[in-house]
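K.L.:
Given next are the chains, with one letter for each unit.
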Amino acid sequence: MPQASERPIEGASALAPDRRGTVGRRLVDLPWWLFAIIVLILWVGFIILTRPNYTEAFERVSGTYRGLAGMLSAGILVTIGISLASYLIAIVLGLITGLARMSQSLLLQNAARTYIELIRGIPMLVLIFFIALVGVPAVVDLIDSTGEWLISLGLTEIGGALTRVENDSIPMVVRAIIALATTYGAFLAEIFRAGIQSIGKGQMEAARSLGMTYPQAMRYVILPQAVRNILPALGNDFVSMVKDSSLVALLAVRDMTQMTKLYTGQSFRFREGYIVLSILYLALTVTLSLGVQAVERRLRRHE
Amino acid sequence: MSSQPIIVVRDLHKHFGKVEALNGIDLEVERGKVVVIIGPSGSGKSTLLRCVNHLETPTSGEVWIDGVQLTSHSAHLNEIRAEIGMVFQLFNLFPHLTVLENVTLAQQVVRKRSRDEAEQIAMQKLVRVGIPEKAGVYPGQLSGGQQQRVAIARGLAMNPKIMLFDEPTSALDPEMIKEVLDVMLDLAKEGMTMLVVSHEMGFARAAADEVLFMDGGLVVEHTTPHDLFNNPREDRTKLFLSQILKH
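Respectively, the protein sequence lines represent chains A and B. Mapping to the working numbering: the first sequence position 269 is 269, numbers consecutive. Mapping to the working numbering: the second sequence position 116 is 116, numbers consecutive.
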């Protein structure tokens, strides 16, 4: 009897581990972390909808209590706007610096390297204070004295326009964007450099052998390939930018973080304020990260 | 047709740090001739070829193309390069562009041809190398032999006066070598000036007007393929030929 019953069991056990294996692997492959975070966000969302304290905290932090027009100057749209504007400038700055870093000219090379190392060697918080409160005024002074010099040369129109640039006329939002862009420009420069260097030497040689100039070869041959390679890294840096944009609250720019500071300072509802703020950042960054991953997957499929 | 050689190389030296890749090369190539360069690895064959269009800047010496001297700072360097097609060992097609775009890009950017004109010329050249049906695909979807033929078409589309081939078949699987050599043979028959670094002795015999044997950064022997293969003068040439013809 045992022999007769053993056979089918053996056969089944030969199959079963396999099947359990694939089901098991499927379960392991599921993004449980993502479910956990989504559940967390939904749960806090539910609390925001049902508890008046949290509803109020959400409206104040995100700026929705001020209506859509008001949100443009305070709250979540300021966070998104500053991040986008800073990032676009940082990309231009990073590309220029990255190219300068690889240039034949020793001057350009060293200028780029100096900028990158300066930024890397100073904490971002300090940099933001420094650029917004020392750097921008210094540049304004420089513009003013250039204007006076131009007036003394007889170019009164341009000179006059330049001397009228004043520190007060540059709002903190603009300074915050300049500070974030300057900081991230240095990070992105290194990403661009790595991306360009990842393209084989033969590509540049082939382009040059066809008579293209260096800029033409960069534009039509090297950069399109390099950018495709670094797109995930650029995306990840944008996610970091969204988080680091919270530092501009220290310049009294009314982003989500500053709105939370203001709200909790008045109401002493620290728990509500900072739970809502954290969830808002989390929702933003998780969404963006998923977007980056989707782009990455599409690029990989293309190859 | 002027009678001066289209390529003139005088006392060319190239050092990479302490390594002396070229030790004084003199070479003249007449218009319409096919010159095959052979020699052991490290003999400077590829370096010589790359100095002809200044992909490598020579340490000293002169390169003249069609009566114009190349200098590294020459504003004409890009114009001269456009007249010299180059085919690389590893093809170096642009992987982000389709085959057609590979062949039209430099025409539009360098020759300033309109898109229509560039595409028309590109298709002619693709027909010539035998793969017009692949115009719409990306290089990654082609075999090595097909990629190399596209690379040849890319060079030809610029209407060059000279074509340089840097070991064009060395990276190919054996069954694909012939399709590339056939294209090169046709080109040679049509009178293209060609400077070819290759180990394909069959091609050298069939197509070359002259063969150059290089060793140690010097031209050891420069003669007709018949003489070089049948009665080499120098011992080094004999040794090299015996090594490669053994199997």
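For the record, the hints were derived by calculation from the structure and aren't laboratory data. Computed from a predicted structure; not experimentally measured. Ideal Cβ positions, reconstructed from N, Cα and C, are used throughout, including at glycine. Heads up, some of the hints might be wrong.
[As the list claims (entries may be wrong)] Straight-line alpha carbon distances no greater than 30 Å define the calculated BS3-like cross-link-like pairs of lysine-lysine that follow:
1. A:K243 to B:K33
2. B:K178 to B:K33
3. B:K238 to A:K201
4. A:K201 to B:K112
[Unchecked claim] Output of the computed footprint for chain B on chain A, the stretches with three or more beta carbons under 8 Å from beta carbons of chain B:
5. 61-72
6. 197-209
7. 223-231
[As the list claims (entries may be wrong)] Taking CB as the label site, the calculated pair distances span:
8. A:N110 to B:Q108: 28 to 38 Å
9. A:P224 to B:S114: 18 to 28 Å
10. A:F129 to B:S114: 52 to 62 Å
11. A:I38 to B:G136: 51 to 61 Å
K.L.:
Hint by hint, which ones does this structure get wrong, listed from lowest number up?
P.N.:
1, 3, 5 and 11
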